[in-house]
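Student: Top to bottom, those sequences are chains A, B and C. Residues 1 to 163 in my numbering are what the first sequence spells out, letter by letter. Residues 1 to 372 in my numbering are what the second sequence spells out, letter by letter. Residues 1 to 165 in my numbering are what the third sequence spells out, letter by letter.
The set of hints was computed from the structure by calculation and includes no laboratory data. Hints are supplied without guarantee of correctness; some may be wrong.
Said to hold, decoys possible - No farther apart than 25 Å at their CA atoms in a straight line, the calculated lysine-lysine pairs in the PhoX-like style are these:
id, chain 1, residue 1, chain 2, residue 2
1, C, K82, B, K302
2, C, K32, C, K143
3, C, K143, A, K119
4, A, K86, B, K39
5, B, K233, C, K143
6, C, K44, B, K302
Claimed, not checked - To give an idea of the interface, some chain A residues facing chain B are shown, with a C-beta separation under 7 Å as derived from the structure:
id, residue
7, A37
8, T75
9, T77
10, K79
11, M80
12, W111
13, Y115
Stated by the list, open to error - Quick list of simulated restraints, FRET-style, between CB atoms:
id, chain 1, residue 1, chain 2, residue 2, range
14, C, T9, B, P286, 42 to 48 Å
15, C, P47, A, I123, 54 to 60 Å
16, C, R128, B, K276, 44 to 50 Å
17, C, V155, A, E89, 19 to 25 Å
18, A, W111, B, K283, 42 to 48 Å
19, A, E89, C, R128, 27 to 33 Å
20, C, E78, A, E89, 53 to 59 Å
21, B, N12, A, P94, 40 to 46 Å
22, B, G124, A, V14, 42 to 48 Å
23, C, H152, B, E244, 52 to 58 Å
24, B, M352, A, D10, 53 to 59 Å
25, A, W111, B, T127, 37 to 43 Å
26, B, D203, C, K95, 41 to 47 Å
Treat the numbers as computed from the prediction; the structure is a model and nothing was measured. Glycine included, each C-beta is placed from N, C-alpha and C at the ideal position.
Here's the letter readout for the chains.
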Amino acid sequence: MGVLEHKFQDNVVVASMDKLIGWARSTSPWFFQFGLACCAIEMMATAASRHDLMRIGMIPRSSPRQADVMIVAGTVTMKMALRVKKLYEQMADPKYVISMGSCATSGGPYWQHGYHVLKGVDIVVHVDVYVPGCPPRPEALIEGLLKLQEKIQAERPLTRKSV
Amino acid sequence: MGVVQGDQMVLNIGPQHPSTHGVLRLQVRTDGEIVSEIKPYIGYLHRCFEKHSENVTYEQVIPFTDRCDYVASMNNNFGYVVTMEELMEIKVPDRVEYIRVIMAELNRIASHLLALGTYGLDVGAFTPFLYMFRDRERILDIFELTCGARLLYNYMWVGGVSHDLPKDFERICIGFLDYFEPKIKEYNDLLTHNKIFLERTADVGVLPPDVAINFGVSGPNLRGSGVNWDVRKDEPYSIYDRFEFEIPLGEGEFGTVGDSFDRYWVRVCEMKESIKIIRQAIKDLPDGDVFQTIPKKIRPPKGSIYRRTESPRGDLGYYIISDGSPIPYRVKMRSPAFTALSSLGEIAEGWMLSDVIAILGSLDIVLGEIDR
Amino acid sequence: MTSTEIKETLDRQFPGSVIENIDLAENQLELKPDQWLEIATFLKNEPGLSFDQLECVTGIDTGEEGPLQSRYNFHSMEHRHKIEVVISLDRNNPKVASIEQVWRVGDWFERETYDMFGIIYEGHRDLRRILCPEDWEGWPLRKDYEPQETYHGIVVPKIKEEEWE
Chain A
1 MGVLEHKFQD
11 NVVVASMDKL
21 IGWARSTSPW
31 FFQFGLACCA
41 IEMMATAASR
51 HDLMRIGMIP
61 RSSPRQADVM
71 IVAGTVTMKM
81 ALRVKKLYEQ
91 MADPKYVISM
101 GSCATSGGPY
111 WQHGYHVLKG
121 VDIVVHVDVY
131 VPGCPPRPEA
141 LIEGLLKLQE
151 KIQAERPLTR
161 KSV
Chain B
1 MGVVQGDQMV
11 LNIGPQHPST
21 HGVLRLQVRT
31 DGEIVSEIKP
41 YIGYLHRCFE
51 KHSENVTYEQ
61 VIPFTDRCDY
71 VASMNNNFGY
81 VVTMEELMEI
91 KVPDRVEYIR
101 VIMAELNRIA
111 SHLLALGTYG
121 LDVGAFTPFL
131 YMFRDRERIL
141 DIFELTCGAR
151 LLYNYMWVGG
161 VSHDLPKDFE
171 RICIGFLDYF
181 EPKIKEYNDL
191 LTHNKIFLER
201 TADVGVLPPD
211 VAINFGVSGP
221 NLRGSGVNWD
231 VRKDEPYSIY
241 DRFEFEIPLG
251 EGEFGTVGDS
261 FDRYWVRVCE
271 MKESIKIIRQ
281 AIKDLPDGDV
291 FQTIPKKIRP
301 PKGSIYRRTE
311 SPRGDLGYYI
321 ISDGSPIPYR
331 VKMRSPAFTA
341 LSSLGEIAEG
351 WMLSDVIAIL
361 GSLDIVLGEI
371 DR
Chain C
1 MTSTEIKETL
11 DRQFPGSVIE
21 NIDLAENQLE
31 LKPDQWLEIA
41 TFLKNEPGLS
51 FDQLECVTGI
61 DTGEEGPLQS
71 RYNFHSMEHR
81 HKIEVVISLD
91 RNNPKVASIE
101 QVWRVGDWFE
111 RETYDMFGII
121 YEGHRDLRRI
131 LCPEDWEGWP
141 LRKDYEPQET
151 YHGIVVPKIK
161 EEEWE
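Here chain A stands alone, though its shape is the one from the complex (with noise of 0.2 Å):
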């Protein structure tokens, strides 16, 4: 960790408890591939060979109780609303949503006449981190995953929290 490189000798790490499970839970998070439209296709290239994703650790599961990450890729419909968050509550804590694509984050092209369409997925769960786009970059993409990182790296799991 920088702060306290070259103190001890190699091999030794000093830091607090909040800080090393911040750092085991952001990096390697495992994906749950919730591709649901156009941007399923952009999600599939990004953990393809261009910009690959596992490189940062983050490998695609195919069931929710095997992943960390569930990323909402695509317009959420009626229909599928509901079993969205059946699947988000089937998931294993901790566990953190992106919600990827403008569909996703307020209901996208549709927005004006789609009564089908639910206008942004975090009607239905918790999302941390939305990524805009139409459909986004591969690599704003995984500008949102390093967000992520960051985000759960700054959280305090063992600080008792005030009421």
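Fit chains B and C to the given chain A structure using the hints.
Tutor: Chains B and C alone, transformed into the frame defined by chain A:
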């Protein structure tokens, strides 16, 4: 000792599942591993495309058509503008026609690469997916150079295109085609002649030709069953009658005519034919102004028209009714994947559960187009 | 065969079923909904016509107090000719015979038109909603559609009429 009593189990595949064709739910009734009935449930991506197109102007419908079949959006745009230009009787300059054909065929190659890559992923081969996406990225680079977008272009407008080709487009495009043609042999070595792949796809999910026509199946799925029908040759639109290319048909090389391998093999051969068309188009590309016939305000005459074009999935049809105002009265998109999926219940009964996934992958569906 | 010849063949076989309508184009013909199933079977099986491909089924709402229409596009692979059939239905009781046993593709096309417009296809073996959820209320593509208030606790937004500046 009694008789072992068997019972049928109802299983739910989806709507979220790793066979990444989108949000599709299959209700499957199985007896052990053998499937006796399949019912597909769709509508999880119904985004009210037809309602939107009744409230925005004709130009504003084009980005919505992009998002229906998001894998091949140039072809979606192409179908819409060809239909509109027939309704309004506009004749576009030759340069526009050649640019449109080049873009549509490049997008056909990109769409088939995605279809074949994910098909390999469905049956368990991870490497072809990475190789095909590597080459698909090069095509998306060409599109980004031309119009600025990677996936959803809004490129073809009624009466023209949105951007002219960049200066060194020919060098880049021919460079890509020279790089890509030997790669098809690489894919054949990886996947097509692979014994495991042949065992999983040959003789699986046979679609007889008369059943295919009755179910409205079209495109590579119909040609895989041996029926010679391609809208580019039989009801030609734009300038497809000026190019020489062949129509690959399924011949039952490794199994029966009309099995999943034939549908896969037709797509591989179509990529080669698209390369031929693009080379001919680039050689004959004329000069000119691409913006001269774009109308300032689109007000088509009253009437209705139905026109179909060839998208990588089959016959894409647009039914447009106009009442003389700048806002359409009714736009209906007839999507080829809709009819292909409706035939799944017929051809996948009696196979095992993993064969159902192989058959579904060979039909190449995109849920955005089915649900609109 | 040209469209006029097809119209004459139909008129000979089923007299009185073709309605003259000057608003339609040359390749469109309007039929009465009475004998639709027999006419459809005739269109498919008659050797001179042999329309074996049903391309598209479109539903249309012709405006306030006007009829609902169901339009069918046919194509023949053998003779390479096309025809479009228009059937007008009463708005308050839209019923027409289903042709899904003749062309199996009609199954899903008719379910979609039922879902969007409320046209009931009699004789269809499994007529239920296909795109909207099963418990959705209303027929979305009709011109006088108002979305419902909530769906399972989620507020269904009203269609906004604001314009961009």
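Student: Look at each hint and say if it fits the structure.
Tutor: Now for the hints, and whether the structure bears them out:
| no. | hint | verdict |
| --- | --- | --- |
| 1 | K82/C to K302/B | holds (21 Å) |
| 2 | K32/C to K143/C | holds (24 Å) |
| 3 | K143/C to K119/A | holds (23 Å) |
| 4 | K86/A to K39/B | holds (23 Å) |
| 5 | K233/B to K143/C | violated (39 Å) |
| 6 | K44/C to K302/B | violated (31 Å) |
| 7 | A37 | holds (6 Å) |
| 8 | T75 | holds (6 Å) |
| 9 | T77 | holds (6 Å) |
| 10 | K79 | holds (5 Å) |
| 11 | M80 | holds (5 Å) |
| 12 | W111 | violated (10 Å) |
| 13 | Y115 | holds (6 Å) |
| 14 | T9/C to P286/B: 42 to 48 Å | holds (46 Å) |
| 15 | P47/C to I123/A: 54 to 60 Å | holds (58 Å) |
| 16 | R128/C to K276/B: 44 to 50 Å | holds (46 Å) |
| 17 | V155/C to E89/A: 19 to 25 Å | holds (21 Å) |
| 18 | W111/A to K283/B: 42 to 48 Å | holds (45 Å) |
| 19 | E89/A to R128/C: 27 to 33 Å | holds (29 Å) |
| 20 | E78/C to E89/A: 53 to 59 Å | holds (56 Å) |
| 21 | N12/B to P94/A: 40 to 46 Å | violated (28 Å) |
| 22 | G124/B to V14/A: 42 to 48 Å | holds (46 Å) |
| 23 | H152/C to E244/B: 52 to 58 Å | holds (57 Å) |
| 24 | M352/B to D10/A: 53 to 59 Å | holds (55 Å) |
| 25 | W111/A to T127/B: 37 to 43 Å | holds (41 Å) |
| 26 | D203/B to K95/C: 41 to 47 Å | holds (44 Å) |
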